[in-house]
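From these two lone chains plus the hints, build me the complex, please.
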Amino acid sequence: MKTNTYANGEMMRLEKVSKSFAANLVLDQVDFTMRAGSVIALAGENGAGKSTLMNVISGVHPRSAGEIYLRGKPVNFNNPRQAIEAGIAIIHQELNLLDELTVAENIFLGREPVGAMRIIDQARIERETQALLTRLKQGFSPGTRVGSLSIAQQQMVEVAKALSFDADVIIMDEPTDALSDVETATLFEIVSELKKEGRAIAFITHRLAEIFQICDRVAILRDGSLVHEGPTSEVTETELIRHMVGRELSHHYPYAPAVPGETRVSVNNLSGAGFNNVSFQARAGEVVGFSGLIGAGRTELAKAIYGANPIISGHLTVNGREISPRGPHDGVAAKIGYVAEDRKAEGLVQMHSLGSNITLGALQEMTGRAGLIDRQREKTVVDRFISLFGIKTQGADKPVDQLSGGNQQKVSIAKTLAAAPEILILDEPTRGVDVGAKREIYMLIQTLKEQGICVLLMSSDLPEILGISDRILVMSKGRLTGAFDHTTATQEAIMQAAVA
Amino acid sequence: MNVKKILIDNKSLVGLLLMMAVISVLSPNFLSVDNLLNILRQTSINAIIAVGMTYVILTAGIDLSVGSVLALAGAVCASMISADTPLLLAVVATLLIGGALGAANGVVVSLLGVQPFIATLVGMTILRGATLVYTGGRPISTGDFDVAESFYQIGGGYVGPIPVPVVVILLVFALFWVILNHTRFGRYVYAIGGNENVTRIAGIHVTRVKVLVYALSGMMAALAGMILTARLESAQPTAGIGYELDAIAAVVLGGTSLMGGRGTLVGTLIGALIIGVLNNALNLMDVSSYFQQIAKGSVILLAVVVDSRVKSSA
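So the protein sequences, as listed, match chains A and B.
The first sequence runs 3 to 502 under this note's numbering.
The second sequence runs 956 to 1269 under this note's numbering.
The hints are simulated quantities; they were obtained by calculation from the structure and are not laboratory data.
There may be inaccurate statements among the hints.
What the hints assert, rightly or not - With a cut-off of at most 20 Å between alpha-carbon atoms, the simulated EDC-like pairs for lysine to aspartate or glutamate come out as follows:
#, chain 1, residue 1, chain 2, residue 2
1, A, LYS198, A, GLU212
2, A, LYS139, A, GLU199
3, B, LYS960, B, GLU1151
4, A, LYS337, A, GLU424
5, A, LYS346, A, GLU302
6, A, LYS139, A, ASP168
7, A, LYS346, B, GLU1151
8, A, LYS400, B, ASP964
9, B, LYS960, A, ASP399
Note that the coordinates shown come from a computational prediction; the quantities given were computed from them, not determined experimentally.
In isolation and in its complexed conformation, chain B is listed as follows (with noise of 0.2 Å):
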């Protein structure tokens, strides 16, 4: 009985774990050091993305916005890289501009009272026309300056064996978890999901909090978006399209609810891997990428449903 509570609680690592003991079979190079650790670095960036889509889904909201905001970003960030801007300064200014972005899906989701799924297609929209029009069609080079060579590190990088793009993960992952279950904030993320009402009535800012969590899933896009530029060495106007249905597939992998209120981000953690795993199993086994699509999805289906069956027989 014990046992089946463990692996009922834990059922996403399960699953997780199951799928890498039949994909092991099927594929002898998939538990090779250097395939898991490409495994790492692949998932990394829909990982970052994931972690800041679970605080927007834990309030009950979406945030479609996170590939526009990825591919501006990027541009920008690029192009600030091409002039020789030193490192920090262009880290730290992507970094805010995406907070920025996402702030302003916040600001029209909680005081224009728009649905975030509205709010955040129309973000999606006009961003990528944005992007398009700064990057006028074409990629941008982050070029031949000193800098640029540093700046291919955060994506390209390695600390010892590790990618960078994995210790990135690692290092947000951890700051988000300890904000989501050590202070006031997460706890406001939670009850504004639970309910936005109550949470209003009991004298919480929630207009402040939301805007905050719109504002931090855009940094996460601004962060993804910088590593890929970083590793690809230029920003392309195209990155990043649907990227958000990644992520928000593995915030629901992981076990969140899309209603809100429920949820944690080491399910995130898991589903993204899983979506990792996945892909890098169907590229090792010669899957042709049409047929990719379908069964990526399959798979989710699979596990939403196998998930809410345990639930409800629980």
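Extracted from the complex, chain A is given alone in its bound form (with noise of 0.2 Å):
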């Protein structure tokens, strides 16, 4: 039990900060304050400043104005080191493991214990990592190598590696973004375990729910500046929204019931690496959304229909034509596209260009009789999709790598949707992406459906997927265990669906 007791239980407080970026100006004197035993929800949209926020509290950046107060004393960090070292932590939002390392070594990388000859105690790095792995219920090992595991228990791997500081201040940058919801579950149990400790937990989410659930004060940051402050109790989800994106916006989904044509896809008893004996069909003009946990193959199975993984046995037949793609060529052949859940790995070439990025995989289209590249009709199709998807950039030519996680993952659907797939398999396609352009995208996925595409939708978003999908199927360890209509499909029955 900590027992850090200053004016009002206040463990850091922001007063006046600002911050800015050559003649930008990203943090506008914003306070904020922190409390022992407290879980105070940072929300805001992309690009509000609410990273900048947690770099300038964590020392990454230094602050430009203002003033910093940690347990009632002025604090200047130059670096993170020092911000760790005064007691705070950080949970990225993007993971800061080393994938060839375990993940004991990952956890304490830096600040080994050492014995004799100044060998590593690697018994005690294990011990202590067991302990942590324990306490957040996780089953894998601390020798397991960090890139064997999946993105959730990555996550979960951070979360060991913050608590492992015995950290006062905890600050969490969209933790359950990768999570499904048990492993949220567990998260929230953890955070209320800290706060009974006294810790002060600053909660950074886009999930509005989870803000109602487990914090006790709100902040909301909007174009730098602190818009609102205060209990959760006092704050409704419209108000929130509305503090957001700074206009009302209906937190309902855009949804019309489908007008479905022909079949598109049809995979009978097909099986492979994390799927097995899958049967469904899809038909043009509707949504299918696939729940289940995280691992439950989803991915797995979008990719093996995509051509990304190889399928074991079965049948898959797209456009009445049974195919059995040896790689993602062959699915684009197909005239299906897959938008990736890992924009990193796999959705864009981060270092370059926002229009090379869209038009990646549709210079087909674009290419004139003597081979070369037509740039005129690339720009048109470029600025099309810039305008359409209202993705927020300097301009075309900048690398993709500057632009905010909810404008990426615009350009990463721009992208399969350049080569004008008629199935299209959305794998998390709101992952990372604020309000605003979450509801975008649940308004193009409405568009694309009218349009007659047919629209494969695998979301660990429980209220996203009854909201927007036509017909529900549920997937636990591999296997189809649940079928659901829109009108019929309950949370309840799906989660039941998910853990058979």
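Printed below as a string of structure tokens:
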């Protein structure tokens, strides 16, 4: 039990903190207080300044103006190390783990306990890691190579790492984004424990429900300014959204019942790595949602249909023709589009421009008779997607890695749509995307559906699946364990099938 | 500010010009037309190899086998010429042999999944051995048929005042530049280097592109081997040893990232010229060949360090 009591249990306080990059003011005189034994939500759209605020607190970026007080004393962090030593831990949104090291080695990286002859005390780091993993209810061992873990499990390793610092101030940057409901529940239990121990926690999330579930207070940033701060019990979801986007935004999902056309995809007894004996059909003009826990085999199924993963047995019929894709190029040839879950590793060439990413898979259409790319035609296509999707960018020639998560996701979807698929597979399309952009993606899915595209939506976000799918298929341990209609599906029924 | 940006964007060229200015003061003969044409001719072989190497490095690969491909293709070409094979047939056959040897590298890299460094190191070793076996360790003369005389022109001839190899590199450069900047294939070369997995998931036949990239590199090595053989009127079994390093240095001096995905062919051409000018200057200034290596290595190191400093400050 930590007993750090300062005025009002205040652990950390930011006073009129500003931050600008060159001429760009990113944080404008923000006041932000974290109290011992309290969880404060930090919400806002992508680009509102949440991450910058966290980077200022944790010493990644120096602030341009204002004061930061920790336990009542003014502090100045010049680098992350100093912040960590002062008891501030951050769980980053982008995973910062080394794939080739084990879980234990990652957690103790840079501060390995050593014994005689400066030999690392391997037994100790494994023992301490095991204790952390047990606390987090994770089944994998400390000696597991991080690269072999799922994204959700890697996220849990990040949490374990933060816990290992025994920090008083813990900042979680969208920690549930990659987690399924079960893992999220575990994480929330941990958060309540940390709260009881008197730690101050800041929780960044795009999922509004989570704010009401575990946060005591909520602070909202918009365009670098604090626009709202107060107890969670005194605001409604609608008010939160209004604060975040600065306008009224319905939080109902855009949905109109499908007018399904001919069968586009027919899967019969399909098996592959991660999924078994799956059969379903999907038609033109409908959205088929795939729900389930992390690791249920949705991504594997999606990739197998697209050709990125091998099919072991069974039949796959697309547009009336049976295919056995040997690579994504065969999927593309069959008019299937796939928007990958992992934008960094599979979605976008980060160092290359927005424009060349969008047209990467669609250059065939833009190549003239001499085999030369028609730059003008390419520019037209790129500009059309930028304005259609409202992608916020300084220009089509700017590298993708300078864009916010939501805008990157839009580029990723645009890249797939540029190849004009008839079947669109979306794998976690709203992961790491803010409310405004989420809604735009939902509207886009609705529009695509109306245009007769067959959409397969893989998502861990239950409300999202319930909100926009015409039919919902539930997977568990690689098998289909439930099928529901838009009108009859409930959260409870889906969860039951998901753990079956 | 604008001037600074222009200087930074063209730092390889600025470096080359600065170097030439300094050398012209130290050595008055340097700027003569004859000497400059001489530099271009000497640079052409490295530049041709470096053009192919640029493609390979843009895909985040490397091709260490170019020197051995050069030697083997040159040897086969020399025996064809000495057997009175029609010129065009011999030229095309040599290029195809180079292409096939390169493609073999590409297959080992992309289908067997061997690291490019190891795959082409193995290629370098095996092909050097093959060259020694083929030649029996002795030079192969291009012979006395009439065709040998026309073949000599490829390496030693002139178009007006311009040496034929210089014309060849200009044509090769133009062709490769258009392919890299204006075709799908070129776009995929960059994309693979930027992120091979993303490129594959986007539905691009990555294997095919990579095999072709290594094939082009092999073909350029064979072209360089042909020029060298033509000029010397014989193929040497030890030709091309160490050429891969000059080519890689030219690519890197030109600002192409060894991590792939970023770089230009124009940069490579300037990089090759920097090396060519340096070699020439060290000869003009009578620096002993022992010291030349040290000087060359130091200049390359300096250039790369300055380059990364400028990059991080920009």
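Hint check results:
Our distance criterion of 20 Å between C-alpha atoms is met by LYS198/A and GLU212/A, whose separation comes to about 18 Å. Taking the CA atoms of LYS139/A and GLU199/A, the gap is about 19 Å. The hint holds against a cut of 20 Å. Among the hinted pairs, LYS960/B with GLU1151/B is inconsistent with the structure: their alpha-carbon atoms are about 31 Å apart, more than 20 Å. For the proposed pair LYS337/A and GLU424/A, the alpha carbon gap of about 5 Å is at most 20 Å, so the pair holds.
Of the supplied pair hints, the one linking LYS346/A and GLU302/A holds, its CA atoms being roughly 18 Å apart against a limit of 20 Å. Of the supplied pair hints, the one linking LYS139/A and ASP168/A holds, its CA atoms being roughly 18 Å apart against a limit of 20 Å. Of the supplied pair hints, the one linking LYS346/A and GLU1151/B holds, its CA atoms being roughly 12 Å apart against a limit of 20 Å. A C-alpha spacing of about 16 Å is found between LYS400/A and ASP964/B, which places the hinted pair at or below 20 Å, so the restraint holds.
Proposed proximity of LYS960/B and ASP399/A is supported: the alpha carbons are some 18 Å apart, at most 20 Å.
Checked against the numbered hints above, the structure breaks only hint 3 and satisfies the rest.
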